[in-house]
Amino acid sequence: MLLKRMGWLLVALAAAVAWGVLALHRGETINAAWLVLAATGSYLIGYRFYSRFLANRVLVLNDRRATPAERLANGRDFVPTSRWVLFGHHFAAIAGAGPLVGPVLAAQFGYLPGTIWLVFGVILGGAVQDFIILFGSMRRDGKSLGQMAKEETGPITGLLAMVAVLAIMVILLAVLALVVVNALKDSPWGVFTILCTIPIAILMGFWMKVWRPGRTLEASAAGVALLLVALVGGRYVAASATLAPYFTYSGLTIAYGIIAYGFIASVMPVWMLLCPRDYLSTFMKIGTILLLALGIVLVLPPLKLPAVTQFIDGTGPVFAGKLFPFAFITIACGAISGFHALVASGTTPKMLIRETDARLIGYGGMLMESFVAVMALCAAALLDPGIYFAINAPLTTLGGNVHSAAEVIRGWGFTVTPEQIDGLAASVGEKSLLGRTGGAPSLAVGMAHIFSSAFGQGLMALWYHFAIMFEALFILTTVDTGTRVGRFMLQELAGQIWRPLGRTSWYPSTVLASAAVVGGWGYFLVQGVLDPLGGINSLWPLFGISNQLLASVALCVGTTLIIKSGKARYVWVTMLPLAWLLAATLTAGWQKVFADDPRLGFLSHASLVAEQVRTGVTGAAVGTRLIFNDRLDAVVTITFMVITVLVLLSSAREWILILTRRKPAQAREAPFVETAYAG
Amino acid sequence: MPGDGGTARQRRLPGATERGSSGSLVARLACVLRQVAGMPDYAGYAEHLRRCHPEASVPSESDYYAVYLRNRYGDGPTRCC
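As they're listed, the protein sequences go chains A and B.
For the first sequence, the working numbering gives the first residue as 9, with consecutive numbering after it.
For the second sequence, the working numbering gives the first residue as 102, with consecutive numbering after it.
So here's chain B without its partners, still in its complex pose (with noise of 0.2 Å):
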């Protein structure tokens, strides 16, 4: 699904500003934490559910974290030796 993720032309880089967290020095820690230890986004999927399907449902908390576990336990290693 190539432009999926966004129309618009000449966007910012996303980064630890765009996915929810501008807010404080902690907040913005907190995230960078998250990503490191990939941990789940709930937020920042909510978001770009809604900046990119607007049409779309967002699903609860609850399914979105049963997708991450599948998705990230389901297949291929993701830790090495």
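Next comes chain A alone, as it looks inside the complex (with noise of 0.2 Å):
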């Protein structure tokens, strides 16, 4: 007992020297098993604290309640599950591109701000409302989270809360295509090798489905083996004068590509493309991440971005806003994550066998996130910030060419020099890396080097393109799954409208539904490639703000379940972290639409843009454009921000009348059955 004691208390100890040495250091460098040490030691004391009062004193999980997996087990979708096992199926599940581009972006303010969001925000808040929903979806047989608004706080929540989702679920499409485009543009090795990752997959499909049924592993080996020869092949392919130029495209052709590739899948039979592709990359995923932790424990590197940089004053290339609120819009995913509420919401609370698994698969699983998020942010601050600065900042704003992104950053205070940026690109086997925005490339450059040096040196070049690989893997994996199941919300809620539109099986429906999903992402996502300022200027706080909100939403649901459950004293778990965020996000959405800075605010931007047609520095068609763009994604913030705010309100009523007991305290779970398993 006393020996456990002593052991927290160390644990507690090497977190806080490690957060003073972060925070008080004042040199070139600091190496990054600092940052991993304050990390890992909170959410050890997190883990091990917090989520242990919310298990049994707030949530009050009960070993003798036999959970939806055991009641309704049918060997499909309600399976019990050990929990470690459903411990990596719900990891692979969260874990997507969120964490590894939102940290990379938000490394433009230095790294101790990301870090210390990413950590505090995760222990207070991101697996606080994970583990709840997760807990509340588990006492209603697999409730979704719109299911779970609609019942406990009203029939118009739960629609707010839907249309929200797919209003989101477009936005994230398109920043993240973005992110690819970036990725892949001019780059026929990249390009290459996501073209094969297409009848890889369909050959994976044909393999499970008709020549070996069943097979799914075998088929999946096949599949990472062809894979990864593919990467090899790309370099050959790069460096052949005859075959480079059928796989070089600018960025718009990319993304017209990527807007067809989202519409056929969609429409495809899952088993032959989207299936196997999803499982070629949840295989990729984790096995690319535990490759990755164990790379940075191997190398230790010493980190070159400083801690904080002058950016926090809103003046930053990557995107522009100041330190609060932006900081806390752009890391979304890894600190807290609104998406979450729906996986959490989804298959998990169908395949927990006790109810006290909740905690480490809701809790500790985003404590995971979180982890993997603090990895990126290393990643990307072991990087020279200059060089970070020239894979980052939008071509514009350098200004086109080598010599001129180093006079530019040069201005910034970081020194880089041409020659760097060139080797840089011609280590890696590009032609440049100048403004590829949107942290693919630059966390591919850190990943790079961080298996390079632990791996095998000289292959810098190959490890670049496996991350580049396995991110833009992963991200059109959430495409097409992400526009199949915007398809259905839509028929969904198209169905109420005219009732043939809600039928999944009838085909003009499905193709018109997939054609208004991907005409909406697609929209946005040309858009941001056109976009002067760079796309992910505009898209990415809006993708951040639209997720903080749904995480909103999901803290609302999560405190009205605490005071349905009588334990109204234990409120301040949700309601901390949802008064932060939103006041957090709904700042950051006053901003982005109403602020003067042009940068920042849509509004002035399209007062700027009106002004420049007028003098004639910009034509009247892409002007009109422009200026169109501006307001719709004006638009689209206030809708995110009614849409909370009407939530919040509607939940506060509820909270209300409970409180001063004109409505009975009373949680619509399912009723209490004593488990059969032995304890």
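Any given hint might turn out to be false.
Computed Cβ-Cβ distance ranges for the label pairs, DEER-style [what the hints assert, rightly or not]:
id	chain 1	residue 1	chain 2	residue 2	range
1	A	646	B	159	49 to 57 Å
2	B	172	A	503	16 to 24 Å
3	B	172	A	272	19 to 27 Å
4	A	519	B	161	28 to 36 Å
5	A	221	B	125	17 to 25 Å
6	B	167	A	670	48 to 56 Å
7	B	148	A	520	40 to 48 Å
8	A	249	B	144	48 to 56 Å
9	A	31	B	172	22 to 30 Å
10	B	161	A	249	50 to 58 Å
11	B	161	A	261	41 to 49 Å
12	A	668	B	157	46 to 54 Å
13	B	157	A	364	29 to 37 Å
The hints are simulated quantities; they were obtained by calculation from the structure and are not laboratory data.
We treat Cβ as the ideally placed atom computed from N, Cα and C, and that holds for glycine.
Two chains, two frames, some hints: make the complex.
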């Protein structure tokens, strides 16, 4: 007992020392070990003490109570699954591109703000949200977030939540596709490898369904092997003067390619393309993340990025806006992500064997995702700051060539030479890395650095393209599964207007709804590619705002669940993160719409363009398009904000009714059934 | 359907050993990988039917796969950003 306490005291001390070093360090570089130590130490303390408090006092998990997996076992979706396996399953479902890209973009503020938000945000906010929603869904036979919102707060809240999810999906798919476009433009190696994933997936699909039914693992192993062959083959394609032009495309062409792909993948039978790609990307994701963790621990690279940069004043080149609120919406996944509420109320609650497993899987799974985000931050922070900004600032800011870029970056106070930029591009097998905004390429450079230091020098180019392939593969998997999900949601909504449109088996309805969803995100994607400010500047904040507002909706539902289960005295566990999130996100939304700085505010940018059209700096056609997009972005932002405020108000009304005893505190949980499992 | 999971009281906790994989280390590892990736488990489903619904006929593997795909990609996001 005493020994155990001493152990936890040591963990707490180690974390505190590491935080102290991070906060007080004033030198050229700092070792990533301090960052990793501060984060893992804090996670352990948070898991051991805070999640236990949540499990025992707030939610009161009860192992005598049979879970849906036990009561409703059907061998298909309700399957009791051992907890570490389910942890892996849940983690693979929640971890996507978000935790990798957001921290890399937020690195323009330095490594410290991102690290603090990731670690404390997850312990007090993100993991709490995932845990409570998983718990709520588990007590309700695996109901979704939307259904819970509807049953516990009212039908309007449910409908609002559904519209919000659909809108978020559209923005999410657009911004993720933009990340891929920026990574693949003018990169024959990258394009070749990613194109190869399509025939590989189709081959796997036929293998699993037609040739050797049920041999999913065998087909996946073959798929991964072929993927690695394609990766190596890409090098020869890029080096070949005859083949390379066939795979070299501008950003716009790639954008249209992804749009066409998204549409085809959404209407094709799932077994042929979507499902095998999903398996492929799951295995690649888990494998690469484990490899990255191993690499960081083996190499423990020095971080060259300053703790805090001057860009906290809002003048950052990657995206505009001050540290508060923009650090807190740029990093969404990894600290707190509303999207998780959808996964935590999807398949996972139907697979828990014991109620207490929800703590490891809901809270612990999210801590793990936060750790992935911390690793991504390390990978970005180990780059020379000059290199980081050369890759991530938009091409228009950098002046279009390495000499002007070096000049601009020197003006920001970071030293970088044109030779360094060119040398790095050559070492990773690219013509140019300038202006590849979006996080994926700089993360890939950082990962390539770690991998080649840990597992083999001289393979920098191969590792870079491995990292690009890994990111693009699972982003495109999100694009096709997301388009499909969006299509189903749209069909459900449209079916309420005209019934035949809601029939998912009716082919015209399927094609129409798919085209509408693809058209939605495709429109934002193309505008992002054409955006003179780099696209990420407007789309990533829009995504961050929407994701955080969805998290606010989830925390509102969580608060309602806590109050209804008679635990109103613990309501601060969701109210505090909710208050912080609303403050940051609504401020960010307001600034994105109304700020005077034209780089930041959509409306002031529209006025600036109007002025430029008047003076003839910008053509009338381009000007009209830019102004329309600014106004559209403003309307989308305001819509997100209004939906969230409405959900908050309707939830608050419910809370007050219950707390003033005008309504009974009664949660609609499934009735208690004693477990038949031996304890 | 409470109690659908079986009638015997005090059953063992299901785990890697129950789902038709009580074989070698490789078989157990394969089972874990399949569950993590959310792959279909026809053998496990057939076993579930035999154990809990002996009267029901076991669907063919391809019918099972079709239902699995509908469940997995039918509604609601299964993947995150």
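Verification of the hints:
A hinted range of 49 to 57 Å holds for the C-beta pair residue 646 of chain A and residue 159 of chain B, which are about 55 Å apart. The given range of 16 to 24 Å is respected by residue 172 of chain B and residue 503 of chain A, whose C-beta atoms sit roughly 20 Å from each other. Taking the beta carbon of each, residue 172 of chain B and residue 272 of chain A are about 23 Å apart, inside 19 to 27 Å as hinted. For the pair residue 519 of chain A and residue 161 of chain B, the beta carbons lie near 30 Å from each other, so the given range of 28 to 36 Å is met.
At about 23 Å, the CB distance of residue 221 of chain A to residue 125 of chain B agrees with the hint of 17 to 25 Å. Distance hint check for residue 167 of chain B and residue 670 of chain A: the Cβ-Cβ separation is about 50 Å, which falls inside the suggested range of 48 to 56 Å. Checking the proposed 40 to 48 Å range against residue 148 of chain B and residue 520 of chain A shows it holds: the Cβ atoms sit about 42 Å from each other. With their beta carbons about 52 Å apart, residue 249 of chain A and residue 144 of chain B fall inside the hinted range of 48 to 56 Å.
At roughly 49 Å, the beta-carbon separation of residue 31 of chain A and residue 172 of chain B lies outside the given 22 to 30 Å, and the hint is violated. Residue 161 of chain B and residue 249 of chain A have their C-beta atoms about 53 Å apart, which keeps the hinted 50 to 58 Å range intact. Evaluation of the 41 to 49 Å hint for residue 161 of chain B and residue 261 of chain A yields a pass: the beta carbon distance comes to about 44 Å. The beta-carbon spacing between residue 668 of chain A and residue 157 of chain B, approximately 51 Å, falls within the hinted interval of 46 to 54 Å.
Checked against the hint of 29 to 37 Å, the C-beta distance between residue 157 of chain B and residue 364 of chain A comes to roughly 33 Å, which is consistent with it.
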